[in-house]
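Chains as they are written, first to last, in our numbering: chain A, 397 to 729; chain B, 3 to 213.
Among the clues, some could well be false.
Using 20 angstroms as the maximum straight-line C-alpha spacing, the simulated EDC-like pairs for lysine to aspartate or glutamate come out as follows [unchecked claim]:
id, chain 1, residue 1, chain 2, residue 2
1, B, Lys211, B, Asp182
2, B, Lys175, A, Asp479
3, A, Lys441, A, Asp526
4, B, Lys211, B, Asp181
5, B, Lys71, B, Glu131
6, A, Lys703, A, Glu676
7, B, Lys71, B, Asp85
8, A, Lys703, A, Asp557
9, B, Lys186, A, Asp526
10, B, Lys186, A, Glu640
11, A, Lys441, A, Glu462
12, A, Lys441, B, Glu89
13, B, Lys175, B, Glu187
14, B, Lys211, B, Asp155
15, A, Lys627, A, Asp426
16, A, Lys441, B, Asp101
17, A, Lys419, A, Asp452
18, A, Lys441, B, Asp181
To be clear, the hints were calculated from the coordinates, so they are not data collected in a lab.
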Amino acid sequence: MHTFQFVRPPDSAAAVATAAQAKTAQQGADARFIAGGTTLLDLMKLNVETPARVIDINRLPLGKIEATPEGGLAIGATVRNSDLAHHPTVQRDYAVLSQALLSGASAQLRNMATTAGNLLQRTRCMYFRDTAMPCNKREPGTGCPAITGSNRMLAVLGTSDQCIASNPSDMCVAMAALEATIHVQGPKGTRAIAIGDFHLLPGSTPNRETVLEPGDLITHVTLPPPVAGNKQIYLKLRDRASYEFALVSAAVVVTVAGGKVTRARIALGGVGTKPWRSPEAEAALVGQAANEANFRKAAEAAMRSAKPQSENGFKIELAKRCLAHALQTAATS
Amino acid sequence: MPDDPESSSSNPTRRAFLRTTGTAAAAVMAACAPAPPKITPEQSASPAKSADGPNIEGAVPITLRINGKDRQLRVDPRTTLLDCIRETVALTGTKKGCDHGQCGACTVHVNGRRVNSCLSLALMHDGEEITTIEGLGTPDALHPMQAAFVAFDGYQCGYCTSGQIMSGVALLKEPCGPDDAAVKELMSGNICRCGAYANIVAAIQQVRKNT
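Isolated chain B (complex conformation):
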């Protein structure tokens, strides 16, 4: 699937609308942005050819395999895995909630295991396999967990949903008792401000039953 399925002009979406209307505001903000940080990493900071990412002094080249595709990137060492995914690679399905490992909105899989991408540096994952919500299914062929969240109405505002689904998918491979209580325990790292918990548990249980 394309990295941004919402970019099609024949299919106007909230994100495309916001992107257009936000251009003017972004231009104003850019004028006020602080100067790029000066950093002196021990690693080579020579810019990698054809690498994505801003031209920041001291940026370090890394390769992340994101949703099955190698990405050659240049990142400021301070860049979290979350910011790298969202800002450098422009996969915005992964959300930033608390940015302190408390809410789970940023949950992605690293080498098949779920982690809080906000509490990890992108540099720590050089060469590793990252899976985000965009890598699970496509709009035409949803992952069973995505389909179950739709079927069971496992969300309201949707902001936590990608993190919930990434956790739900990871949970399928983790030691977890059969009952709802066990699912709730293993899903406790994903906060839903709307309180869709009952439907989230039902969606996950349905997928577990069918797999």
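One chain only, chain A, in its complex shape:
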């Protein structure tokens, strides 16, 4: 591991000021916030991340879960994944989020990993993690060996000719279906970012993964008030029954009234280069009868623009079945 300065700022403003000296907040940033450390230290040991400064935010007052005045929920940046998953309000009103969190990682890692850290979880693409290999995300312009190499776990939606790395988060998929908002404190003040606008598609700059700029500190995430009568489910399909990243996953938040789907929020995991909200599937479903044929049509719509790589074409059909089954389970629950 490279040497670094370990900094524990007294407050958020100091944390922002220290991080603002960095040239970028993206891949290769020379300053990094550390909370759980489960992604950052892993990548620092691999020399994929080599920050000169590591800024410990664990003792900042960012660890609360509170109701918002609007009737939603505010989740602090350093709330541990396990605490969030087991919070009574989350279990009751945002079950899809609790299920997604508990399907991710292990009990130990969930005790460490945080809300903000999970938003910034990095791809598990083996070429990204191996500094002996080229990788456009790690070193722009060096090429993408995954496109012609080992890509079974990688993305089929949102890819580019520069990068096909999949986003591995479960939490983000649930938050996409719940239409979460990410709150950031930066050198120029605070701002709120819809989760759909937070992660970037790789395009020609796969080293840029989010809209964060130097000094931007995620302070909390808010969820809108729960929709009365909605049904939620997170369905994750993987190679092992536990402690494994998704091949495909589906987060579904639907409302069914009089046999028809009146509202649908759908997001997919394991298939996209970012947490993949599917307005196509939602549009195909709303106003339609809640039946298997229509769930399948929605799933077809979700995957219409999918592009298979040499080893991961199976994900397209698997994702369709996963989403159709999740919708069926939610609608009949």
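Using the hints provided, position chain B relative to the given structure of chain A.
Structure of chain B alone, referenced to chain A:
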């Protein structure tokens, strides 16, 4: 209990044997070791008196409460909690397996919750309460989970065992369904290369039944 119950000369053990025979090899390796890293932490790097740990330039003083005992230490900022426990404090019951949070061999409790000590910096835990396998029970008075692992043969080579037991003990306080499947799910972060899983689950279930 003493920190190293195996140090007694009247009770020769594998570790004591390896320590003696390894001295010559260690001397050779030390000659080849890289120079200490140069680091410039913002925190004070003045050496704390009577603190354990190597005299590394830029080392930072911290206090960890390990198994109920305050330890004043000086650590290179890069030191993981795992390396601090094993190398600085010399409590070697906690094991390094993958060093990337994938195997669970390094599982310890921080403030009563289980974590992968390999994916955490020691500095992040200044002032916090750490419990390792050495803090659970003594050879004469095993923790019920340690006794159950013995009774149910919950290991073969034993390398993952301290992590398994630390996870098993933590699980007792976590939301967990009654059946074996729930235990397997919550124990999935601890890999056993020998495949002693069935006996590990049985040991944990026995302790849950009795508590």
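Evaluated hints:
no., hint, result
1, B/Lys211 - B/Asp182, "12 angstroms, holds"
2, B/Lys175 - A/Asp479, "13 angstroms, holds"
3, A/Lys441 - A/Asp526, "11 angstroms, holds"
4, B/Lys211 - B/Asp181, "11 angstroms, holds"
5, B/Lys71 - B/Glu131, "9 angstroms, holds"
6, A/Lys703 - A/Glu676, "16 angstroms, holds"
7, B/Lys71 - B/Asp85, "18 angstroms, holds"
8, A/Lys703 - A/Asp557, "11 angstroms, holds"
9, B/Lys186 - A/Asp526, "31 angstroms, violated"
10, B/Lys186 - A/Glu640, "14 angstroms, holds"
11, A/Lys441 - A/Glu462, "35 angstroms, violated"
12, A/Lys441 - B/Glu89, "18 angstroms, holds"
13, B/Lys175 - B/Glu187, "15 angstroms, holds"
14, B/Lys211 - B/Asp155, "18 angstroms, holds"
15, A/Lys627 - A/Asp426, "43 angstroms, violated"
16, A/Lys441 - B/Asp101, "9 angstroms, holds"
17, A/Lys419 - A/Asp452, "19 angstroms, holds"
18, A/Lys441 - B/Asp181, "38 angstroms, violated"
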